[in-house]
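K.L.:
For reference, the chains in residue letters:
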Amino acid sequence: QQPVQSPQAVILREGEDAVINCSSSKALYSVHWYRQKHGEAPVFLMILLKGGEQKGHEKISASFNEKKQQSSLYLTASQLSYSGTYFCGTDHAGGTSYGKLTFGQGTILTVHP
Amino acid sequence: GAGVSQSPSNKVTEKGKDVELRCDPISGHTALYWYRQRLGQGLEFLIYFQGNSAPDKSGLPSDRFSAERTGESVSTLTIQRTQQEDSAVYLCASSLGPVNEQFFGPGTRLTVL
Chain A
1 QQPVQSPQAV ILREGEDAVI NCSSSKALYS VHWYRQKHGE APVFLMILLK
51 GGEQKGHEKI SASFNEKKQQ SSLYLTASQL SYSGTYFCGT DHAGGTSYGK
101 LTFGQGTILT VHP
Chain B
1 GAGVSQSPSN KVTEKGKDVE LRCDPISGHT ALYWYRQRLG QGLEFLIYFQ
51 GNSAPDKSGL PSDRFSAERT GESVSTLTIQ RTQQEDSAVY LCASSLGPVN
101 EQFFGPGTRL TVL
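As you go down the protein sequences, you meet chains A and B in turn.
Residue 104 in our numbering sits at position 104 of the first sequence; the count goes up by one each step and never skips.
Residue 80 in our numbering sits at position 80 of the second sequence; the count goes up by one each step and never skips.
No lab work stands behind these hints, which were simulated from the structure alone.
Computed from a prediction, not measured in an experiment: that's the story for all the values here.
Honestly, I wouldn't trust all of these hints.
Claimed, not checked - So the derived label-pair ranges between C-beta atoms look like this:
1) Ala77/A with Gly71/B: 28 to 36 Å
2) Asp17/A with Asp18/B: 45 to 53 Å
3) Ser7/B with Arg13/A: 20 to 28 Å
4) Gln41/B with Leu49/A: 40 to 48 Å
5) Glu85/B with His38/A: 32 to 40 Å
6) Gly15/A with Gly71/B: 46 to 54 Å
7) Lys26/A with Gln84/B: 19 to 27 Å
8) Ser62/B with Gln2/A: 45 to 53 Å
Don't be surprised by glycine CBs; every beta carbon is placed ideally from N, CA and C.
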C-alpha cells in the first residue's frame, strides 16, 4: 500500500529542473508532499486534492492525476536549498482511514553549485 | 507561536526497559500523528488521533507499542520491553484536521542498547 516514488535519487546542477513521481496502487483522495533535510523534521510543501488540480509554491509545483493514481512534483531552476529528501504521502480516505497518510520511501535530491 | 514539541530529544535505554515519549501538539490542532523513521528510511505510520474519535492504531508494529492522547492536547507513546529494532527517530505531527498540512516536531531519537 506504500506509494512508489521515482527516481530514488537525483543529482542536479543549480538551475536545472527535476521531476519526482509518486504512484499508488489504490485510489487517492489527496497527495501531500514534504521535504526533509538531513537531521531535521519533514517540512510541508503542498497538498493536492483529487480533481487533477495543479498547485504551485514558488518554483515548485505539483500535479495530481486521479485517473492514473499518481502525482508529480516539479522543481524548476533548482537552488542549493532544494537539496533534501522528498516524500509523498497518500491519503486513500474512506471510513476510519480518513486523514491517515502513507508515505513513500523518499527521493534524495542533491543540488550542486 | 510554539510549534510541535517532543521530549526527550534523545533517549538511550537498555533492551527490555520501557520508554515513554511525549508530544505536545500545536494548540487547536485536532489531529495528531506518530511516525517512526529508521536511519535512511521513510516515514512509517504508527497511530493517528482525530478529535474524540477512536484512534487509528493500524500502524503499531506490535502490542508492545501503545499511545494515549489527553483530549486534544498531549500525547504519549509508550514502548514496553524495548528491542534493538525499536531504535529509530520517533516523529510526532499535528494538523488542524485530517486533510491539512501536518506540522512535525523535532523527533525523539531512541537508541536501544
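K.L.:
Next step is simple, just say for each hint if it's right about the structure.
P.N.:
Consistency of the hints with the structure:
In this structure the hint that Ala77/A and Gly71/B lie 28 to 36 Å apart at CB is violated, the actual value being about 46 Å. Here the CB-CB span from Asp17/A to Asp18/B is close to 49 Å, well matched to the stated 45 to 53 Å. Evaluation of the 20 to 28 Å hint for Ser7/B and Arg13/A yields a failure: the beta carbon distance comes to about 41 Å. Look at Gln41/B against Leu49/A: about 28 Å separates their beta carbons, and that is not inside 40 to 48 Å.
Roughly 23 Å separates the CB atoms of Glu85/B and His38/A, a value that falls outside the hinted 32 to 40 Å. A hinted range of 46 to 54 Å for the beta carbons of Gly15/A and Gly71/B is consistent with their spacing of about 49 Å. Evaluation of the 19 to 27 Å hint for Lys26/A and Gln84/B yields a failure: the beta carbon distance comes to about 33 Å. In this structure the hint that Ser62/B and Gln2/A lie 45 to 53 Å apart at CB is violated, the actual value being about 19 Å.
Hints 1, 3, 4, 5, 7, 8 from the earlier list are contradicted by this structure; the remaining hints agree with it.
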